[in-house]
Amino acid sequence: MSITSNLPQGPLAEKWTKHKNDINLVNPANKRNIDVIVVGTGLAGGSAAASLAELGYNVKTFCYQDSPRRAHSIAAQGGINAAKNYQGDGDSTYRLFYDTIKGGDYRSREANVHRLAEVSGNIIDQCVAQGVPFAREYGGLLDNRSFGGVLVSRTFYAKGQTGQQLLLGAYAAMNRQINRGKIKAFNRHEMLDLVLVEGKARGIIARNLVTGELERHSAHAVVIASGGYGNVFFLSTNAMGSNVTASWKIHKKGAYFANPCYTQIHPTCIPVSGDHQSKLTLMSESLRNDGRIWVPAKLEDAQAVREGRLQPTAIAEEDRDYYLERRYPSFGNLVPRDVASRAAKERCDAGYGVNKTGEAVYLDFDAAIMRYGREQAVIQHMTQASDAEVRALGEKVVESKYGNLFQMYEKIVDQNPYKTPMMIYPAVHYTMGGVWVDYNLMTSIPGCYAAGEANFSDHGANRLGASALMQGLADGYFVLPYTIGNYLSDDIRTGPIATDTPEFEAAERSVQATIDSLINNKGSKTVDSFHRKLGKIMWNKCGMSRNETELKEAMAEIKALREEFWRDVNVPGTAHELNQELEKAMRVADFLELGELFAKDALERNESCGGHFREEYQTPEGEALRDDEHYMHVSAWEYQGEPADAILHKEPLVYDNIQVKTRSYK
Amino acid sequence: MKLTLKIWRQKNAQAKGRMETYQIDQIDGDMSFLEMLDVLNNQLISTGIDPVVFDHDCREGICGSCSLQINGEPHGPDRFITTCQLHMRKFSDGDTIVIEPFRAKAFPVVKDLMVDRSAFDRIQHAGGYISVNTSGNTIDANSIPIDKEDADHAFNAATCIGCGACVAACKNASAMLFTSAKVSQFALLPQGQVEATRRVLNMVEQMDKEGFGNCTNTGACEIECPKGISLENIARMNREFLTAQIKG
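Line by line, the protein sequences are chains Z and V.
If you're matching positions, the first sequence starts at 1 in the working numbering and goes up one per residue.
If you're matching positions, the second sequence starts at 1001 in the working numbering and goes up one per residue.
Treat the hints with caution; some may be incorrect.
Unchecked claim - In the DSSO-like style, the derived pairs of lysine-lysine whose C-alpha atoms are separated by at most 27 angstroms in a straight line are:
| hint | chain 1 | residue 1 | chain 2 | residue 2 |
| --- | --- | --- | --- | --- |
| 1 | Z | Lys584 | Z | Lys533 |
| 2 | Z | Lys525 | V | Lys1002 |
| 3 | Z | Lys552 | Z | Lys650 |
| 4 | Z | Lys184 | V | Lys1105 |
| 5 | V | Lys1148 | Z | Lys396 |
| 6 | V | Lys1090 | Z | Lys419 |
| 7 | V | Lys1002 | Z | Lys356 |
| 8 | Z | Lys650 | Z | Lys253 |
| 9 | Z | Lys356 | V | Lys1090 |
| 10 | Z | Lys522 | V | Lys1011 |
| 11 | Z | Lys584 | V | Lys1148 |
| 12 | Z | Lys182 | V | Lys1209 |
| 13 | Z | Lys411 | V | Lys1090 |
| 14 | Z | Lys584 | V | Lys1006 |
| 15 | Z | Lys252 | Z | Lys200 |
| 16 | V | Lys1148 | Z | Lys401 |
| 17 | Z | Lys525 | V | Lys1011 |
| 18 | V | Lys1006 | Z | Lys411 |
| 19 | V | Lys1002 | Z | Lys411 |
As the list claims (entries may be wrong) - Cβ-Cβ distance ranges computed for the label pairs, FRET-style:
| hint | chain 1 | residue 1 | chain 2 | residue 2 | range |
| --- | --- | --- | --- | --- | --- |
| 20 | Z | Thr420 | V | Gln1245 | 29 to 39 angstroms |
| 21 | Z | Asn657 | V | Ser1046 | 53 to 63 angstroms |
| 22 | V | Ser1046 | Z | Arg326 | 49 to 59 angstroms |
| 23 | V | Ser1143 | Z | Ile492 | 34 to 44 angstroms |
Claimed, not checked - Partial pick of chain V residues on the chain Z-facing surface, computed with a CB cut under 8 angstroms:
| hint | residue |
| --- | --- |
| 24 | Glu1020 |
| 25 | Ile1024 |
| 26 | Asp1028 |
| 27 | Glu1035 |
| 28 | Cys1063 |
| 29 | Thr1096 |
| 30 | Tyr1129 |
| 31 | Thr1134 |
| 32 | Asn1142 |
By construction, these hints were calculated from the structure, which means they are not laboratory data.
Just so you know, even glycine gets a beta-carbon here, dropped at the ideal spot from N, CA and C.
Bound conformation, chain Z alone:
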């Protein structure tokens, strides 16, 4: 197994072009004889499947949802970055590259990130050509907004539904290929194992979720684009079904898992309301363009608010602590997500939280409403407008920008955010860590690729807002279609891969054994109860801040919980039918292994960087303290059975083109 990143030689800005010119191609006639499996149909999987099918490969897609269009990319709200510089505000490929590396706290690969920045503009061209209805200005040209951690406006958006529109674009591209017979879509199917033949990825075992049947599917290459593993925390902004299973199964077959501890805790989510909570809802980061974040400056006010004796609107301006503006004057409310989240936790831990649980801060639109209202009053020549008229005009502008988000908030919390500030709190949102891949997006298993959130490659220790959509589509539309050809050029004479072989037989038998053991266990506790317990351990001990003692405790507790799960879980029903409890059990079983590796990775990384904050490593002001001398590397873990026994491989990170600095948003 290798850990060579296979970076092309030459100057940074020429690497990708040169690489594309150097790699092998497969002629169109041969592509017709080559099969590719794509697991997951979100932005990365959907775009990869469509592009590979267009090139002429025979593609099979797999998703657990009833339609590819429902993959969780659909829920991405805010936008997608691209270095188009349509605003003329000084943006460039280099700046997008630089911001992404800096935002990732100098823990990502230069060459990968530069490639991402290079192709970003093409994504927008591509999506517009597909009919994605991005927001436009009155002149008919595309509009942009600003996101956290950057000083330019490079984010393209479609109200608060950008992910939906981009995914429907990729789904439409898939549909075109399905109609031509080049993609076969296996919906309501879940991949449960990878099949290796002579060390190469040659197929998968999938369960038909409707009939319960196990199926063998062969291919010359397998792409895993199954998203992130945020649901290891039980409560997250991920969909209920989002899982690590495909990624974890290939890890167990030899793919290294990189930086599992790098998790993004998003600062603007709707706070937890009670024990019944099944998931958390994000309020787009775009809201931080116009919303101001604050808590009461006086402890007694905070307490009065918590007890319902004081309304936030009654707190005077001078008694409010706009703590992000105070601590980070140059970026203010638009600091990166990791910084904003930790700052919220710091205030709440100090006793300034504003909801019943004490775990919420305000996101206030009052100033923005009045500012927009005054602008509109001028435009409409309403020189004598009263405050109420200005407010009404301003609310209209805010509604046009964020209407669906405000509506979503009101439905969940039962409060009107136009009239009273929103309450928000950080929640698990995205995982930067994932399957280790080289520059070609190939994992450490030949012929097995990972794309989108499932891989670890581009965001380092922290992802900037509006960069997930960019990376997913870059991987699927513009990277994989080239790099996979280089590998498949050796397969033009292989012919179809048979599935009646000992390798497929063994893989299927092992999946069947796992299913049988869960079904026959007849324990006393539900799958959900284990998942909730795991989530509590993860959130309390591997969450926004971590320390050595608690990480060690977490490893032991997760191991014990895993043993209890296999001893005492109750999975009702049978294997030969639609069985949602069984589906959940299979996923939770994998989370119970990943969680321990996650804690081990966090324990091993004795520094604070990006989303990974170790309490032992901080500056006197409470900012993250990196240790570049010892930890400027990717931690890639090799499976050895028990997660605690995983072997660490280090891929050094080399920065030739930018100066590594202490990240500052002050």
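On the provided structure of chain Z, position chain V as indicated by the hints.
Same frame as chain Z, but now just chain V:
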């Protein structure tokens, strides 16, 4: 609060289904409707009854997975929301709630409250796209200015989540609102013009093949649509369809 739930149970597509009654207690107004069903399912599992199967995923109103007919209305009593966004505060202590799957010939029941909506996918396969390769070698995104109003209307049509509430609400089980939303999105954009004729003919043909009913303009679909997709789209599709037929 205490509730009585009458829920459709059906073992699989071939089996005959029936309504079952369950009692549930200690339901909090801040719970979502699906969280209430989670509580019910854990209660059923502990008493040895198979949990109720229902489609759900994002639980934030955008994936379009959830699909319940609640007291006779798709996605329940509130407006502009999906079932996952419906909260129990909309109900009162002692209520009886009737929960059924979306009913339509073209949406056969898979199990309990889960239905097969793949007919929607097949309508999209028939033409719900612009035939452009994903090479990225297209013209610059800003080279074709698009009237903001057209772009906004296209966006509004494109926000359809494909949940099927329109079909479930329609006495004819018609899929006109769904199909017209996609046709409209492309009809309103210059990129969609080239294939406009073929698109509308193919998509309507597929819609008819799937066994959806005809539209009699009752407007129930628009009222129940969680995304507020407008009836205007149906009018636009009819116009596109007539034009396409004349063009042949």
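Results for each hint:
The suggested pairing of Lys584 (chain Z) with Lys533 (chain Z) holds, with an alpha-carbon distance near 15 angstroms, which does not exceed 27 angstroms. Distance restraint check for Lys525 (chain Z) and Lys1002 (chain V): the Cα-Cα separation of roughly 24 angstroms lies within the 27 angstroms cut-off, and the hinted pair is therefore satisfied. Simply put, Lys552 (chain Z) and Lys650 (chain Z) have alpha-carbon atoms about 22 angstroms apart, close enough for the 27 angstroms limit, and the pair holds. Distance restraint check for Lys184 (chain Z) and Lys1105 (chain V): the Cα-Cα separation of roughly 25 angstroms lies within the 27 angstroms cut-off, and the hinted pair is therefore satisfied.
Between Lys1148 (chain V) and Lys396 (chain Z), the direct Cα distance comes to roughly 17 angstroms. Compliance with the 27 angstroms bound is thereby established for this hinted pair. Distance hint between Lys1090 (chain V) and Lys419 (chain Z) is fulfilled; the C-alpha atoms sit about 22 angstroms from each other, no more than 27 angstroms. Distance check on the hinted pair: Lys1002 (chain V) and Lys356 (chain Z) sit about 24 angstroms apart at the alpha-carbon level, within 27 angstroms; holds. Between Lys650 (chain Z) and Lys253 (chain Z) the alpha-carbon distance is near 19 angstroms, which keeps this suggested pair within the 27 angstroms criterion.
The hinted pair formed by Lys356 (chain Z) and Lys1090 (chain V) meets the criterion: a straight-line CA distance of about 22 angstroms does not exceed 27 angstroms. Simply put, Lys522 (chain Z) and Lys1011 (chain V) have alpha-carbon atoms about 21 angstroms apart, close enough for the 27 angstroms limit, and the pair holds. Between Lys584 (chain Z) and Lys1148 (chain V) the CA atoms are separated by roughly 45 angstroms; this puts the pair beyond 27 angstroms, and the hint is violated. Our distance criterion of 27 angstroms between C-alpha atoms is met by Lys182 (chain Z) and Lys1209 (chain V), whose separation comes to about 22 angstroms.
Using a Cα cut-off of 27 angstroms, the hinted pair Lys411 (chain Z) and Lys1090 (chain V) holds, with the two alpha carbons roughly 11 angstroms apart. Between the alpha carbons of Lys584 (chain Z) and Lys1006 (chain V) the distance comes to roughly 25 angstroms, so the proposed pair stays at or under 27 angstroms and holds. With a C-alpha separation of about 14 angstroms, the suggested pair Lys252 (chain Z) and Lys200 (chain Z) falls inside the 27 angstroms cut-off, and the hint holds. For the hint linking Lys1148 (chain V) to Lys401 (chain Z), the alpha-carbon distance of about 14 angstroms falls within 27 angstroms, and the restraint holds.
A hinted pair counts as satisfied when its Cα atoms are at most 27 angstroms apart, and Lys525 (chain Z) with Lys1011 (chain V) qualifies at roughly 24 angstroms. With a CA separation close to 25 angstroms, the supplied pair Lys1006 (chain V) and Lys411 (chain Z) stays within the 27 angstroms bound. Under the criterion of a C-alpha separation no larger than 27 angstroms, the hint pairing Lys1002 (chain V) with Lys411 (chain Z) is consistent with the structure, at around 22 angstroms. Between Thr420 (chain Z) and Gln1245 (chain V) the Cβ separation comes to about 54 angstroms, which falls outside the hinted range of 29 to 39 angstroms.
Range check, Asn657 (chain Z) to Ser1046 (chain V): Cβ separation about 59 angstroms, and the 53 to 63 angstroms hint holds. Look at Ser1046 (chain V) against Arg326 (chain Z): about 51 angstroms separates their beta carbons, and that is inside 49 to 59 angstroms. With their beta carbons about 39 angstroms apart, Ser1143 (chain V) and Ile492 (chain Z) fall inside the hinted range of 34 to 44 angstroms. Of the supplied interface hints, the one on Glu1020 (chain V) is violated, with its beta-carbon coming no nearer than about 16 angstroms to a beta-carbon of chain Z, more than 8 angstroms.
The interface hint given for Ile1024 (chain V) is broken, as the beta carbon of that residue sits about 12 angstroms from the closest beta carbon of chain Z, more than 8 angstroms. The closest approach between the C-beta of Asp1028 (chain V) and any C-beta of chain Z is roughly 6 angstroms, which is under the 8 angstroms cut-off, so the hint is satisfied. Look at Glu1035 (chain V): its Cβ gets to within about 5 angstroms of chain Z, closer than 8 angstroms, so that hint holds up. Hint on Cys1063 (chain V) holds. Least Cβ distance to chain Z is approximately 4 angstroms, under the 8 angstroms limit.
Because the smallest distance between the Cβ of Thr1096 (chain V) and any Cβ of chain Z comes to about 21 angstroms, over 8 angstroms, the interface hint for this residue is violated. The interface hint given for Tyr1129 (chain V) holds, since its Cβ lies 4 angstroms from the closest Cβ of chain Z, which is under the 8 angstroms cut-off. Given hint, Thr1134 (chain V) at the interface with chain Z, holds; its Cβ is 5 angstroms from that chain's nearest Cβ, closer than 8 angstroms. About 5 angstroms separates the beta-carbon of Asn1142 (chain V) from the nearest beta-carbon of chain Z, less than 8 angstroms, and the hint is met.
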